[in-house]
Amino acid sequence: MSILIDKKTKLIVQGITGRDGSLHTSMMKEYGANVVAGVTPGKGGTTHEGTPVFDTVAEAMEKTKANTSVIYVPPAFAVDSIYEAADAGVKLIVCITEGIPANDMMKAAPYVKAKGARLLGPNCPGLISPGLCKVGIIPGQICKKGDIGVVSRSGTLTYEAIWALTSAGMGQSTCVGIGGDQVAGTGFIDCLEMFENDPGTKAVVLIGEIGGSDEQEAAKFVKKNMTKPVVGFISGRTAPPGKRMGHAGAIIAGNAGTAQAKLDAFAKAGIAVANSPTEFPALIKEALGSIKNGARKKTGIKKAATKKTTAKKTATKKTAKKAAKKATTKKTTTRKTAAKKTATKKAK
Amino acid sequence: MKIHEYQAKEIFRQAGIPVPPGKTVETVDEAVSIAERLGLPVMVKAQVHVGGRGKRGGGKVCENMRGMDIKGLTVKKVLVTSAAKIASESYLGIILDRDTRRPVIMISPAGGIDIEEVAESTPEKIWKLAVDPNQGLRAYQARELAFKLYSEMEQVKQATSIIMKLYDLFWQFDASLVEINPLITTDKGKVIALDAKCNIDDNALYRQSRIADMRDLDAEDEGEIAARDGGLSFVRLQGNIGCVVNGAGLAMATMDLVKRFGGEPANFLDIGGSSNPEKVVTALRIILQDRDVKAILFNIFGGITRCDDVANGIVRAFEKLDINVPVVVRLTGTNEEVANKILKTIDVRTGATTLDDAVRQTIELAGSFAGAKKQTAVA
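Protein chains in written order, with the numbering used here: chain A, 330 to 677; chain B, 755 to 1133.
If you're looking for bench data, these hints aren't it; they were derived computationally from the structure. Quick caveat, the model's predicted, so the values are computed rather than measured. Cβ coordinates follow ideal geometry from the N, Cα and C atoms, glycine included. Some hints could be false.
[What the hints assert, rightly or not] On the chain B side, residues computed to face chain A include the following (Cβ under 10 Å):
1. 956
2. 1000
3. 1009
4. 1013
5. 1058
[As the list claims (entries may be wrong)] Only part of the chain A face toward chain B is listed, based on derived beta-carbon distances under 8 Å:
6. 436
7. 471
8. 512
[Stated by the list, open to error] As a list, the in silico DSS-like pairs of lysine-lysine whose alpha-carbon atoms are at most 27 Å apart:
9. 436(A) - 756(B)
10. 442(A) - 882(B)
11. 339(A) - 392(A)
12. 572(A) - 1013(B)
13. 919(B) - 944(B)
14. 436(A) - 882(B)
Generate the whole structure from the sequences, applying the supplied hints.
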């Protein structure tokens, strides 16, 4: 199992004839992704290495009934490509392009959401469900099919983490790069929620960095809603404040953005922290082991959930909740209050 | 990118936000002549990219401010401006708020001091409004905010207009922050921007040529300028281990590991995704300018980046530059084997399997290199 992409993914490549688009289309195909169309305005009617090319995304959608698109378009035109995909009815839009102005994204991200679509990125490496599908630029050869979910704000650091897992014999369900920009379409919490609901994922690796407070919010979510163990990493502990460290979003402004604030939040949420990506496998083993041995409070939930892996997601959740009730009444109460709070917030 | 107060004020003035008259000067004579023209008293304000200039003596009437240092930045230009008679001071700012992913307008009647300080000590004195970017700011919303600051309708009107104009500027100039601190009322009841701050999104500079031209090269690190020109992302740090990495997250993680294993990183350097060999040469040239560097670590995880491109770049750099410090190279991923063959022709340390190993090796070599240097000096 996996999240977001699998064998049913039918992919459109926006900017297929460009240098990056062309190279990565062939690599995605090689990995087994079902690339059904490419889009480059002015090249409609041609084929690119066997893939039909269309002038517009709308046309490509009409002819191929695709559900996903990936954008390899230069930054000055990439926002337009996002709108085009959303308007054409693409359900998952993955934007690899780096360098899109943040103010453009403030307008585009809610627009895509309102269309009922999901945007991943921009400025991200995309995602891969090993053995099933790849959308973006994560190197396929470093991945291995398995049951660890990976979500990260970085590109190459994600590869480093994946490689550490694969080298230790730990395969991945899906690896998602959410991107390093200040305004991204998909966040940590979206992915954590999907991993929690994915029966094919047993544990999650969460890779954050300095800047903003997404990691703190993610930590709160983990504490409140996750039954599966999460291990974390934060890059930028040595970064000086006020300087942009490559990623547009990686700048420490005020206390929230510091590595320490994020590490503290992880500690509070019971997320084990790796000091180097090489430490992930051991930490995951430990986290999964302690669950088996019943050392963690969440044992009840976990066991109940695994028993029902074949059942539907909702059923699993219900069982988990029941088990939680039995396990510790106190915890359930806190969770209920928390849920109430969220509900009131939403109502507001 | 940051621009100076005088530059931001010019933009504000053109947009119709009232600012006190003034002019930037570089000599005392010029300052005196401007002061005489404006009429005393005047304020003289240092034009450097540092917050809290006032607290550090950067905003006063004095003869020798030019050449003084504020937080390590030398003052080359000062802004001479009419000193207004202040009846009240407030704060007005618009930032790109990451949490709401919207532009957030912040106002506070506690102006003239750091807004972070106000947020910490008296958060009840700050009002915020997250504006829906696809709807824009309505006049009534701006007016609601203005009513928090002023009770007289005359001032509310002026402040509403200023808030609306500032919001337009935020979008027009692709700002990540626009700020007026303090926004004052004069003894005559006029609302004016006594200060002006404007930070522009680097990603938008391609369509903000007017702002890009305002860049003050004197205010920036030489290495950082050279890196930007070469398409690299570079930040100078204090240590002696030079780092060349692809990808920002991995670059930060590499620095962190250097520190963890007892070393100090000399820099953050991201050579980016598609690795043109020339970029590698530029990267090494910039790092080698730093005399403190005792060893250099390459950590490349090939994805888009091809390891052989980087290896070719390193070989080219060895031909072009005088590299006399130990270099450790770890290349993993796309075309790794070809790359390692290429590197056999030059004197670099390869073979580290994990990132941790490579970092430890580099620190060790830096230590013995520094030691060897000392010995030679003694001999």
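*Would you mind confirming whether the straight-line C-alpha gap from residue 919(B) to residue 944(B) stays at or under 27 Å?*
holds, 16 Å
_Min Cβ distance, residue 471(A) to chain B: is it shorter than 8 Å?_
Holds, because the Cβ-Cβ distance from residue 471(A) to chain B comes to roughly 7 Å (cut-off 8 Å).
*asked:* Checking one constraint from the list: CA of residue 436(A) to CA of residue 756(B), max 27 Å. Satisfied?
replied: The given pair, whose Cα atoms are some 23 Å apart, holds under the 27 Å limit.
*So, residue 1000(B) near chain A? Judge it on the closest CB pair being under 10 Å.*
At 6 Å from the nearest chain A Cβ, residue 1000(B) passes the 10 Å test, so the hint holds.
_Interface hint check: residue 1058(B), Cβ to nearest Cβ on chain A, cutoff 10 Å. Holds or violated?_
Holds, because the Cβ-Cβ distance from residue 1058(B) to chain A comes to roughly 5 Å (cut-off 10 Å).
_Given a cut of 8 Å on the nearest C-beta pair, is the interface hint for residue 512(A) held or broken against chain B?_
holds, 5 Å
*Taking 10 Å as the limit, does the beta-carbon of residue 1009(B) come near enough to a beta-carbon in chain A?*
Result: holds, 5 Å to nearest chain A Cβ.
*Does the interface hint hold: is residue 956(B) within less than 10 Å of chain A, judged Cβ to Cβ?*
holds, 7 Å
*Going straight from one Cα to the other, do residue 339(A) and residue 392(A) come out at no more than 27 Å?*
holds, 12 Å
*If you draw a straight line from the CA of residue 436(A) to the CA of residue 882(B), is it 27 Å or shorter?*
Distance ~19 Å between residue 436(A) and residue 882(B) Cα, so the pair holds.
*May I ask you to test the interface hint for residue 436(A) with respect to chain B, counting a Cβ-Cβ separation under 8 Å as satisfied?*
holds, 5 Å
_27 Å Cα cutoff - pair residue 572(A), residue 1013(B)_ = With a Cα-Cα distance of about 18 Å, the restraint between residue 572(A) and residue 1013(B) holds, given a limit of 27 Å.
Hint compliance for this structure: no hint is broken.
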